[in-house]
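Engineer: Sequence:
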Amino acid sequence: MDRKFKVAVCQLKVVEEKVRNLSRAREMIGRAAGEGAALVVLPEMFNCPYVARFFPGYAESYPEGESIQMLARAAREEGVYLVGGSLPEKDGEQVYNTSFIFAPDGTMLGRHRKMHLFDVDLPGGLRVRESSTLGAGNRVTVVSTSLCPLGVAICYDVRFPELIRLMVLKGARVVVIPAAFNMTTGPAHWDLLFRMRAIDNQAYFIGASPARDPMASYVAYGHSLVVDPWGNVVDRAGEGEEILCVEIDLDLVEQVRGELPLLRHRRTDVYALELLSPDSIC
Numbered sequence: 007m008d009r010k011f012k013v014a015v016c017q018l019k020v021v022e023e024k025v026r027n028l029s030r031a032r033e034m035i036g037r038a039a040g041e042g043a044a045l046v047v048l049p050e051m052f053n054c055p056y057v058a059r060f061f062p063g064y065a066e067s068y069p070e071g072e073s074i075q076m077l078a079r080a081a082r083e084e085g086v087y088l089v090g091g092s093l094p095e096k097d098g099e100q101v102y103n104t105s106f107i108f109a110p111d112g113t114m115l116g117r118h119r120k121m122h123l124f125d126v127d128l129p130g131g132l133r134v135r136e137s138s139t140l141g142a143g144n145r146v147t148v149v150s151t152s153l154c155p156l157g158v159a160i161c162y163d164v165r166f167p168e169l170i171r172l173m174v175l176k177g178a179r180v181v182v183i184p185a186a187f188n189m190t191t192g193p194a195h196w197d198l199l200f201r202m203r204a205i206d207n208q209a210y211f212i213g214a215s216p217a218r219d220p221m222a223s224y225v226a227y228g229h230s231l232v233v234d235p236w237g238n239v240v241d242r243a244g245e246g247e248e249i250l251c252v253e254i255d256l257d258l259v260e261q262v263r264g265e266l267p268l269l270r271h272r273r274t275d276v277y278a279l280e281l282l283s284p285d286s287i288c
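If you use the numbering used here, the sequence shown corresponds to residues 7 to 288, in order.
Hints in this document: simulated from the structure, not taken from any laboratory.
As the structure is a computational prediction, the values presented were derived from the model and not from experiment.
Virtual Cβ for every residue (Gly too), placed ideally from N, Cα, C.
A few of these clues could be false.
Pair ranges (Cβ atoms, derived) [as the list claims (entries may be wrong)]:
1) Leu268 / Leu132: 30 to 38 Å
2) Val57 / Asp275: 43 to 51 Å
3) Arg9 / Ile287: 19 to 27 Å
4) Leu198 / Gly177: 32 to 40 Å
5) Arg26 / Asp257: 37 to 45 Å
With a cut-off of at most 25 Å between alpha-carbon atoms, the simulated SDA-like pairs for lysine to any residue come out as follows [stated by the list, open to error]:
6) Lys176 / Glu280
7) Lys12 / Pro220
8) Lys10 / Gly63
9) Lys10 / Leu175
10) Lys96 / Pro62
11) Lys24 / Ser150
12) Lys176 / Pro220
13) Lys10 / Pro267
14) Lys176 / Glu265
15) Lys19 / Arg82
16) Lys12 / Ala44
17) Lys19 / Pro220
18) Lys19 / Glu99
19) Lys96 / Pro129
20) Lys19 / Ala58
21) Lys10 / Gly116
22) Lys24 / Arg82
23) Lys24 / Ser67
24) Lys176 / Leu282
25) Lys10 / Cys251
26) Lys12 / Val262
27) Lys24 / Gly71
28) Lys96 / Leu128
29) Lys10 / Gly36
30) Lys176 / Met114
31) Lys12 / Leu282
32) Lys10 / Pro220
33) Lys10 / Glu72
34) Lys96 / Gly130
35) Lys176 / Gly192
36) Lys19 / Glu280
37) Lys19 / Val262
38) Lys10 / Ala142
Make the full structure from the sequences, and use the hints.
Structural biologist: Structure below.
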């Protein structure tokens, strides 16, 4: 296992034409690999505008979906681990907000279906109802890689500390969160949430946002970031399209956990966190 490796976040602008989104994502994956990234991450709903009513029309089934095939091919051709942001996935009659994770040989390591659906009425009149077109996932996602165990969740999932802690208890050293925070939640909570989760769990946290498009009906915050196990923001993107490339140092994870042993000091004789079903981990 490499103790240091580079991760790249591709903060791309998402438009209504799926073919343009796929072409842009593929180009940015190639550029990220060219910068030495071993792990490449795309944003939430990278092939589709973040609008609930659009999701069924853009939905794809595994493995034949064109976006899914592009991700597998890109991982194989570039020789990288690839967290394919998320996209609308059709399974039978149900549609999910799903992140597909691929190995450098193009095989799928796992997929995370967003567990917590974003049904909110925010200040300023922004109303979102993901549940109007999406179903909820029910699995905690930690995949094994030659880099380290990798946790994956999607956007609103990061607000639920129980889910994130379960990932870390299952071995995650790096947690990837493709996310499309908006112009209300982003300025208020983006940095705060990622730093809190990193401090609580003493792991690297990666937030991958779409680029900001002020003309879109849902305006993403941007500012993709990488936070280290001490809670420091190692680097962040701006508002527009950008590739954020950062070195991950796994020795820092072990150093922080050794100096401030939060995970060892949990009072499991008093409280416990457990999965209700053994089938809820993948």
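Engineer: Hints first: check each against the structure and report whether it holds.
Structural biologist: We went through each hint and held it up to the structure:
1. Take Leu268 and Leu132: their Cβ atoms lie about 35 Å apart, and the range 30 to 38 Å holds.
2. The hinted range of 43 to 51 Å is satisfied by Val57 and Asp275, whose Cβ atoms lie roughly 48 Å apart.
3. The beta-carbon spacing between Arg9 and Ile287, approximately 26 Å, falls within the hinted interval of 19 to 27 Å.
4. Between Leu198 and Gly177 the CB atoms are about 26 Å apart, so this pair departs from the stated range of 32 to 40 Å.
5. Distance hint for Arg26 and Asp257: a CB-CB separation of about 41 Å, consistent with the stated range 37 to 45 Å.
6. Distance restraint check for Lys176 and Glu280: the Cα-Cα separation of roughly 11 Å lies within the 25 Å cut-off, and the hinted pair is therefore satisfied.
7. In summary, the hint linking Lys12 to Pro220 is not supported, as the alpha carbons are separated by about 31 Å, beyond the 25 Å threshold.
8. About 40 Å separates the Cα atoms of Lys10 and Gly63, which puts this hinted pair outside 25 Å; it is violated.
9. Under the criterion of a C-alpha separation no larger than 25 Å, the hint pairing Lys10 with Leu175 is consistent with the structure, at around 22 Å.
10. Only pairs whose Cα atoms come within 25 Å are accepted, and Lys96 paired with Pro62 is accepted, the gap being roughly 8 Å.
11. A C-alpha spacing of about 30 Å is found between Lys24 and Ser150, which places the hinted pair above 25 Å, so the restraint is violated.
12. Restraint check for Lys176 and Pro220: the C-alpha separation of about 39 Å exceeds 25 Å, so the hint is violated.
13. Annotation: proposed proximity of Lys10 to Pro267 holds, straight-line Cα distance about 22 Å (limit 25 Å).
14. Of the pairs offered as hints, the one joining Lys176 and Glu265 holds, with about 21 Å between alpha carbons and a cut-off of 25 Å not exceeded.
15. Using a Cα cut-off of 25 Å, the hinted pair Lys19 and Arg82 holds, with the two alpha carbons roughly 24 Å apart.
16. Distance hint between Lys12 and Ala44 is fulfilled; the C-alpha atoms sit about 6 Å from each other, no more than 25 Å.
17. The suggested pairing of Lys19 with Pro220 holds, with an alpha-carbon distance near 11 Å, which does not exceed 25 Å.
18. Between the alpha carbons of Lys19 and Glu99 the distance comes to roughly 29 Å, so the proposed pair goes past 25 Å and is violated.
19. Pair hint Lys96 plus Pro129 does not hold up; C-alpha atoms about 32 Å apart against a cutoff of 25 Å.
20. For the given pair, Lys19 sits about 18 Å from Ala58 by alpha-carbon distance, which is consistent with the 25 Å threshold.
21. Taking the CA atoms of Lys10 and Gly116, the gap is near 23 Å; set against the 25 Å cutoff, the hint holds.
22. A threshold of 25 Å between alpha carbons decides the hint, and for Lys24 with Arg82 the separation of about 21 Å falls inside it, so the pair holds.
23. Between Lys24 and Ser67 the CA atoms are separated by roughly 15 Å; this keeps the pair inside 25 Å, and the hint holds.
24. Between Lys176 and Leu282 the CA atoms are separated by roughly 15 Å; this keeps the pair inside 25 Å, and the hint holds.
25. For the given pair, Lys10 sits about 13 Å from Cys251 by alpha-carbon distance, which is consistent with the 25 Å threshold.
26. A hinted pair counts as satisfied when its Cα atoms are at most 25 Å apart, and Lys12 with Val262 qualifies at roughly 20 Å.
27. A C-alpha spacing of about 12 Å is found between Lys24 and Gly71, which places the hinted pair at or below 25 Å, so the restraint holds.
28. With a C-alpha separation of about 28 Å, the suggested pair Lys96 and Leu128 falls outside the 25 Å cut-off, and the hint is violated.
29. Pair hint Lys10 plus Gly36 holds up; C-alpha atoms about 21 Å apart against a cutoff of 25 Å.
30. Taking the CA atoms of Lys176 and Met114, the gap is near 19 Å; set against the 25 Å cutoff, the hint holds.
31. A C-alpha spacing of about 35 Å is found between Lys12 and Leu282, which places the hinted pair above 25 Å, so the restraint is violated.
32. Between Lys10 and Pro220 the CA atoms are separated by roughly 37 Å; this puts the pair beyond 25 Å, and the hint is violated.
33. Using a Cα cut-off of 25 Å, the hinted pair Lys10 and Glu72 is violated, with the two alpha carbons roughly 33 Å apart.
34. For the hint linking Lys96 to Gly130, the alpha-carbon distance of about 32 Å lies beyond 25 Å, and the restraint is violated.
35. Pair hint Lys176 plus Gly192 does not hold up; C-alpha atoms about 29 Å apart against a cutoff of 25 Å.
36. Restraint check: the Cα-Cα separation between Lys19 and Glu280 comes to about 38 Å, which exceeds 25 Å; the hinted pair is violated.
37. Our distance criterion of 25 Å between C-alpha atoms is broken by Lys19 and Val262, whose separation comes to about 35 Å.
38. Among the hinted pairs, Lys10 with Ala142 is inconsistent with the structure: their alpha-carbon atoms are about 34 Å apart, more than 25 Å.
Hint check: violations occur at hints 4, 7, 8, 11, 12, 18, 19, 28, 31, 32, 33, 34, 35, 36, 37 and 38; the rest are consistent with the structure.
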